[in-house]
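A.B. asks: Chains as they are written, first to last, in my numbering: chain A, 1 to 114; chain B, 1 to 112.
Don't read these hints as lab results, they were simulated from the structure. Treat the hints with caution; some may be incorrect.
Stated by the list, open to error - A few chain B residues facing chain A, derived, Cβ under 8 Å:
#	residue
1	Gly60
2	Pro64
3	Tyr92
4	His98
5	Pro100
The structure displayed is predicted, hence computed values, not measured ones. No residue lacks a Cβ here, since even glycine has one placed at the ideal position from N, Cα and C.
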Amino acid sequence: EVQLVESGGGLVQPGRSLKLSCAASGFTFSNYGMHWIRQAPTKGLEWVASISPSGGSTYYRDSVKGRFTISRDNAKSTLYLQMDSLRSEDTATYYCATPSFDYWGQGVMVTVSS
Amino acid sequence: DVVLTQTPSILSATIGQSVSISCRSSQSLLDSDGNTYLYWFLQRPGQSPQRLIYLVSNLGSGVPNRFSGSGSGTDFTLKISGVEAEDLGVYYCMQATHAPWTFGGGTKLELK
Numbered sequence: 001e002v003q004l005v006e007s008g009g010g011l012v013q014p015g016r017s018l019k020l021s022c023a024a025s026g027f028t029f030s031n032y033g034m035h036w037i038r039q040a041p042t043k044g045l046e047w048v049a050s051i052s053p054s055g056g057s058t059y060y061r062d063s064v065k066g067r068f069t070i071s072r073d074n075a076k077s078t079l080y081l082q083m084d085s086l087r088s089e090d091t092a093t094y095y096c097a098t099p100s101f102d103y104w105g106q107g108v109m110v111t112v113s114s
Numbered sequence: 001d002v003v004l005t006q007t008p009s010i011l012s013a014t015i016g017q018s019v020s021i022s023c024r025s026s027q028s029l030l031d032s033d034g035n036t037y038l039y040w041f042l043q044r045p046g047q048s049p050q051r052l053i054y055l056v057s058n059l060g061s062g063v064p065n066r067f068s069g070s071g072s073g074t075d076f077t078l079k080i081s082g083v084e085a086e087d088l089g090v091y092y093c094m095q096a097t098h099a100p101w102t103f104g105g106g107t108k109l110e111l112k
């Protein structure tokens with residue numbers, strides 16, 4: 001059974017950093033690209049970043065380029081999202097998802113506030 | 001960025017009623033590889049999104065066959081043939097043909 005479990009969320013002040021993790025199981029993680037998608041409170045879904053199976057290619061939405069870094073550790077079957085210079089508009093639930101969006105994690109909440 | 005416009009934004013239905021949701025794209029979603037990367041998701045209250053349809057009309061694993069997707073180019077439709085109570089929530093279309101991937105604004109399906 002495919003499982004994606006996010007962790008690392010919390011309350012952080014503007015300008016600070018946070019690193020999210022997504023632990024994957026039930027499939028050969030190293031064979032698949034992965035995504036991060038977010039959802040601000042009471043709002044819709046927004047794609048954030050994607051990474052290729054090897055980690056050699058990464059893609060970001062413009063509003064997080066230069067601030068967020070997607071990475072992966074295939075030996076640990078874990079996906080990461082390093083979030084630096086956080087802004088209030090980054091407040092959201094962050095989901096990891098498999099390449100065809102067929103599996104999603106339960107989500108982790110990130111709140112950026114002073 | 002590609003803009004996906006979903007209509008209606010709120011849909012009231014009775015159990016057993018058939019309903020449709022429209023998703024219109026600001027540009028064609030036909031990729032150069034011949035695929036159209038248009039997806040439909042359902043997000044029930046308090047839950048993660050669940051993929052219903054991929055590549056316009058392919059039913060996701062375990063998804064009931066009362067759900068169907070159709071369309072091409074810029075116009076797409078999700079149809080539910082006989083709404084059941086478990087279908088209530090917010091429906092989103094999403095495109096992954098043109099970066100950045102974008103989602104529609106959502107359609108909330110509620111009981112009349």
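A.B. asks: Each of the hints needs a verdict: does it hold here or not?
C.D. replies: The hints, checked one at a time:
| no. | hint | result |
| --- | --- | --- |
| 1 | Gly60 | holds (6 Å) |
| 2 | Pro64 | violated (16 Å) |
| 3 | Tyr92 | holds (6 Å) |
| 4 | His98 | violated (11 Å) |
| 5 | Pro100 | holds (5 Å) |
Consistency note: the structure conflicts with the earlier hints numbered 2 and 4.
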